[in-house]
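K.L.:
This is what each chain is made of:
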Amino acid sequence: MSDDLKQPFLDELKSVTSLSDAAALKVKYLGKKGLVTAQIKSLSTLSPDERKQAGQQINELKQFIEAECDKKESVFKNDELKIRLLSESIDITLPGKFAAFGSEHPLSKTLGEVIDIFTRMGFSVEEGPEVELDQYNFEALNIPKDHPARDMQDTFYVSDDIVLRTHTSPVQVRVMENRKPPLRFIAPGKVYRCDADVTHSPMFHQVEGLMVDKDIKFSHLKGVLITFLRQLFGPDIPVRFRPSFFPFTEPSAEIDMGCILCKSAGCRVCKGSGWLEILGAGMVNPKVLENVGYDPEEYTGFAFGMGIERIAMLKYSIDDIRLLFENDIRFLRQFS
Amino acid sequence: MRASFDWLKDFVKIDAAPEAAAEKLTMTGLEVEAIERIDGDAVFEVNVTPNRADCLSMIGIARELSASYNVPLVFPDLNVVSESKELDFNVEITDPELCRRYAGRIVRNLRVGPSPDWMKKRLEKCGIRSINNVVDVTNYVLLEFGHPLHAFDLKTLKGSMIRIGTPKSVKGSAGLKFKTLDGTERDIPGDSLMIWDAERPIAVAGVMGGLDTEVTGATTDIFIESAYFEPTSIRRTSKKLGLKTDASYRFERGTDIKALETALDRSAILMKELAGGTVYGKIDIYPKTFHPIEINVRYERVNKVLGIKLEPRQILASLNGLGLEIEEQGSAAFKVQVPPYRSDITMEADIIEEVARLYGYDNIPAELPETCLGGDQKKEDIYSQDLKRDVRQSFLKAGFTEAVNLSFIGADELDLLSIPADDARRKLVRIKNPLREEEAFMRTTIVPALIRNMLHNVSHGNRDLKLFEASRVFFSTGPDTLPEEKERIAALYFREKAKTLYREDAQDFYVVKGILEAVLAGTGITDVSYVRSSEPFLHPGRAADIIINGQKAGYIGALSPAVTEKLDLKASKPSIIVLDIDIASIMSASKRKATYRQLPKYPFVERDTALVLDAAIEAAEIIGHLKSYPSDLIEDVSIFDVYQGTGIEPGKKSVAFNVRYRSPEKTLTDAEVEALHAKLVEHIVGKTKGQVRG
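Line by line, the protein sequences give chains A and B. With this note's numbering applied, the first sequence closes on residue 336, and no number is skipped along the way. With this note's numbering applied, the second sequence closes on residue 1694, and no number is skipped along the way.
The shape of chain B in the complex, shown without the other chains (with noise of 0.2 Å):
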């Protein structure tokens, strides 16, 4: 809402700069959010919250500054000299309950034309272009008092009749089509509230005139319409059509139904002052008056809410100049009558905020609550949101650069990973007004954020990436029901196999691989295992998903190179792997607890012993031999070499394990671990087909 400082003046006179006056309406809650200079005039951009509407016009900011420097508010005249007490017209209220009050007055015999320069900087300096004298009227007296008021031309009205009712409530019908002052043609729903004559429609009530009853140049009599409408039909009729204007503006955030009648008496003598003409009586059909809320408000409750301590007499002072009806009533309370422009106001807690403001928040003093200590918050929750501190602070020692992307997908970038039809990351929530129709989706995978990420950053010539994101997914349940949402932590890692200044010893997999079991480590969990993924969009050779308490918490591998071939990814010889697992399983699996175990008494031995076998033998399984063998006296089993190649027949490989044997109750002699060790290996080697390596 922009506002004329010189106009302001006019209802309440105070010798404040320009600035302090900001300053004041800003602490009082009418922010100034910037002062413009035009003309020797300071123009106040002011933002009024939606529970304001009595501020957005002049006379309402004025009442403000009246209210917070103690001057009072000066109305201009409203004296009306009309030919005629009543009107010879008839209204008819087909629905009162969307239209409280209408009131009319007739000009005739006016001249249409330019309005007064004063009038037309007015406008302008509050962002309304100057159309013609009437038209500008009506704007101005919308500025001046916040009412909106339509001008019909009258010798366009049909029958002497304005009607106000639904296309439903009128004609039984479900809609219709209706062309607008602008020139557009509408559709209009059965349910919006519209103004007729004897025949047919002439306005969208409280949003926009009609074409065929414009005021024009040639315009001689008018029909002055000032109405109460209902703010959620205005609302709902506005947000329909598409369609937000001054007026609507205003009706949907609650208008003054006792003022409109001030409002048209107002535009009446300008009219006359500014087009000539004749006022004609009006016509006023109000059939259910207002009456005001009444409020009893407690002294001891304000000071108690607010936490200062205010006389009686304070408290009352601070109200002074809103307008507010304000009867004693004894030493404990009083009794608030509210004026139908606070529409704000229903309760003792809105009359305390007005004291508060009035006195002002900077004069209320700051402590700090006296309270018992925390402590209510669940075990479990506090670990929770622990461990996900934990896992993510682990990626990023580990190396692991933090990435946060929006929440969305589009539907083309499961299709990127060949995710099957039936597979749970189809199960999207789909938002109904997207920005963007690649955002049109909840995620239900973090990964292909990180592969956008990644191509940012390869082709900004940003290598060797880290990158994780924790973050929720989203899984639709059904049209009518909140879906399911999923923590999971995903990691990307990219490199691209070039100069290194220290050769690799590794796969890229084994490198991810073994910081993800550092993370899982981390958390104590220690039932974790990989079996051979079935990603789609993973290498099938080179991708595992992860197992803890047997269920499948993720997935970790190289991303395929039918993804990668899709990519418009600059890079030579990429390797990238992709991990993606679930909080919750993390969660479940982790051990909280450590209990002490006394430490081994007697020393170990080991035995070294290297097989060759058929190379499609996995690791895990040679190590799940090798545990399964029943002895007590073995301590850990580990994989140590594995080796193809040279001396190795093509198909076999060679793997190396280590054993550790110890017995918790004596020294282990040679003899003892030789002949255990021969068993052992005659063991793995009858599992395994394999023999012993030379």
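With the rest of the complex left out, here is chain A (with noise of 0.2 Å):
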């Protein structure tokens, strides 16, 4: 009898066109007067026998109508949600809310890339005062007054013994004053000198660097500073070393690198020379040892320094270190 309605759910159920449709059709068979439901009811007018077989068989069917009328279900409201979804659209090209992250500054950028280069080589960094006592930036560092080497650096003074400091040096010195070797460090930060021109600020950024111990040698000098411009500048940058004058350095020596712009073949930014001067360096002068309090003859050690601007400038070559300080943002966002 379970066959008799079987037909006719499944012609109506071609004829369901919508989800009411559907939860009418089950209501229909399933519901509380439904059909099926009807057939369940009489099922106790029947003897034990023709129960069992008839209930499995009506039991069947309520399970069958009942997937159907799921699926159909189903169907319309995944139709349903789609229509929805469709009108809830949105133009995904329009750019998002947040406006981008900053730009940090090229000689911030650069100066990052120095420290961290010599942090992993085990240098630890510090810092002294931007203006310094003239004892600290020059006396002390085998630089007496009226002596020509200051000509190397034209000075800033705020009074006779005060200045701003022209290199970070006087860090090494105030630094050595106050700890026993081995020491290893760097010292990045501004610097002063009264020159202004495309080249030359008069502030710019400096990072020097110290190591003293028992048997530091020139060769180590030469390790560590070849170490850090292949990291620098990459592993097949030429570098060379040439004889030079610090007074806090003896024996003294300036490096340069192979001219990156032109690949060592002679352009403008480097004189047609293919080298680049990039770092001065040296043997700490037994003098500043001593004035500090070391014994030469116990400790050696090697000291270098740099301009960050330099390094910043031939990294994105930047022809003028003015841009570096206007603080445009069509020229900052471009190191971003």
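Bear in mind the hints are in silico, worked out from the structure with no lab data behind them. Treat the hints with caution; some may be incorrect.
What the hints assert, rightly or not - Distance windows between CB atoms, simulated:
| hint | chain 1 | residue 1 | chain 2 | residue 2 | range |
| --- | --- | --- | --- | --- | --- |
| 1 | B | G1647 | A | Q63 | 55 to 65 Å |
| 2 | B | G1183 | A | Q135 | 48 to 58 Å |
| 3 | A | N178 | B | Y1383 | 16 to 26 Å |
| 4 | B | G1647 | A | S87 | 25 to 35 Å |
| 5 | B | K1239 | A | G274 | 49 to 59 Å |
| 6 | B | N1433 | A | Q135 | 15 to 25 Å |
Just so it is clear, the structure is predicted and the values come from calculations on it, not from any experiment. All C-beta atoms, glycine included, are put in the ideal place defined by N, C-alpha and C.
Can you join these two chains into the complex? Each is in its own frame, and there are hints to help.
P.N.:
Shown next, in the form of structure tokens:
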């Protein structure tokens, strides 16, 4: 007798066209007064044997109708959801609301890279005052008053005894006065010289470094600085050391690297030489060690220094130092 | 220093091409910065470091080539044919400390005229203009030997006498006026060394001769001076007079006290050759003879400092040709006598440098030191460096672009901000020799620079600016002490209220304050509050001082329209927010350590209530009252709506707050929360004299 219902149900199912039709159909057959429900109720009138067989059939039919109706319902539900979501559509090509990260200044970026390389090599970072005693900036570094070596650095004076530091080297003296070797640190910071043109700014940034211990040699200075330059500019960069003069180192060296702009072929920036001056360095002058109470027979060391503006200008091909301090965002955003 | 390659080859016979010789010089410490071709000659532009006065001459540079090519140095003709051995002329040194030797010769009956072409050309190639044969000879010898000479017109000298002394020692005077040969009348300080005849000063020693005793076309007899002046004294005089000459440049770097005689003879020979005349004997006052320094050098030390393994003979060979007198002292050391022209060599380390540069820096190996691990840096320093980096990173991530400005400020920039006279930011450090008056002080605040940056950017059409800068500022502590240096971070937010794609639903002040709060929270700072700021350049209604641990750490606020009006800012309805905060305050309050707290076990219950109260009552006060209510069950309170307008009486506002209740011990029942919240509302209504909004 359940077969009598199955065919009509299937016929009716075909004509279901909406979610509500599907629900109505389900009620018609499976609701409290539904056709299937009525048959279930009438089972009690049958003998036990008949009841068992008919019950099984009706149950199967009930499950069949339930599943078919659910199937139909979910099809319509999905369609409805699709329509709703479509209506909620936005223009995903408009920009996001967050305005983008700011750009780190190219000097900070370069300074950060330099500091990272040295800290990875075990150097710590030390700081000192930017307005400094003449004593620390010059005298303790073997640059007496009335010495032509003072011409190497045009100095801003606050008073006869106070200057704007012309290099971060006084940090070396301050640290050495307070600590005993072994020492291995860099001193990054702002320095000042009274000079201003396309390649000179009255304020610029330097990183100086110092390593003092027993048995520190010139060969170590070469090893550390070559390692540094290769990490900063690439493993194939040519490097050369040539003698120079700094009052606080002896022997002193100037370090050139192959011109990164013309690949050492010779260009305007390297003045045709294929080389770029990039670092000054040397073995710490025994007089400087004596000045801070170290025994130069026991300890030796090397010191080096570099200008961050120069490195940044080379790295990013910036041809006018003033751009670095103008803070035009069209310039600054190029380094994000 | 310009050096003609042809001229150098007079003294060192090498076949090398100029480029190769230049490279050799560069790699041994005399950097040749450029080579200029003139008339088939190559002129080197040599960068002579201040320690190498000896290389301010052809002979000196030739000596370097001689040492690196291992070719002997050839001196020019120095054989003077003179009429007498001694000179009947008086020389008196009154300041022997400032003039350690004074020599001279007389040449009579010469004819002043043009120099021959070869000499003119050599001088010109080296950057010296030809004047006449007599003056040219002194300059030629200056270039050749690096020793400055001066020729006086003998007939203008009074009393056959030369005196050397300062105005103080000769005349007891504190200074005098003197006309140098460039025609300028100069004020000569009392302690500057001068040359005098029997009556008057005739030259500023080592710097410039006088106009009255200058060699002219009519000169027939001359006195040639060759002397050694104390370098620091010459430098001081040159600095004080603002007068730098080829002579002063060399004297202040130290000249060769021995070779001044050679230079004098060489000039006499050339005078005779070029201008005719008769050379007379010389006078030479040399009270204290030069004693060369002796330096003991250990072979082992040389190798140890440089990181090389040279045999003693290799070390000695590298020093050949520098003119050092070397005496071996057994197998471990040698002794060096330093010639007077190498006054830069005073200790063992200097000899080690000589070995290194002639052996070649490029021949020294490169190796990394074997050393202990790091870790000697103070924990505080590492922390502070990390924190500074973190704070900068936070601003970057929040969309602020980093600026770097010069540390200078002009006083008018503080005036612009109406900073009062007694404000700490007026404790300016003045620079004695600034490049410009606008850069005469060290800055005490970063904000004016950011305002400058804003003006620059806006005038170039760069809108919607967010800039920050982290830098030190400087406060004077007195004329003789170092200033106090403080690190601060400042930011400027500029927005033109114009076209914007998305509705800006918060006031700019809150946008920037939100960022500041996030930055501070990122450093672990919890105790921060905001009170109305009285900074004179901020909008009084829209500015707050940032209070950390009870101390003012900085401020945040809208730039006062009074300031904006004074700026030449081409923008319509600009909204400018500035903030400025002390890094040390952040550092001292920031929490470095996090400790885990157990998560709550029982659920929370929330209640919202809106109050209508006086518009002047601020959020911090309401939150304060709510938090001060004595109950352990209040977990958190927050304000989620503030409204003024339709339905709310003028002068009043509606403030809606949310309270989250939770017990650590049990699940709270509705009834418990209801009772508690009712009491809390009663409390806040009482405190604020407000009423619950229906």
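K.L.:
Indicate, hint by hint, whether the structure satisfies it.
P.N.:
Right, here's what the structure says about each hint:
For G1647 (chain B) and Q63 (chain A), the Cβ-Cβ distance of about 59 Å falls inside the hinted range of 55 to 65 Å, so the restraint holds. Distance hint check for G1183 (chain B) and Q135 (chain A): the Cβ-Cβ separation is about 41 Å, which falls outside the suggested range of 48 to 58 Å. A hinted range of 16 to 26 Å holds for the C-beta pair N178 (chain A) and Y1383 (chain B), which are about 19 Å apart. Distance hint check for G1647 (chain B) and S87 (chain A): the Cβ-Cβ separation is about 34 Å, which falls inside the suggested range of 25 to 35 Å.
As the Cβ distance of K1239 (chain B) to G274 (chain A) is approximately 38 Å, the hint placing it in 49 to 59 Å is violated. A hinted range of 15 to 25 Å for the beta carbons of N1433 (chain B) and Q135 (chain A) is consistent with their spacing of about 19 Å.
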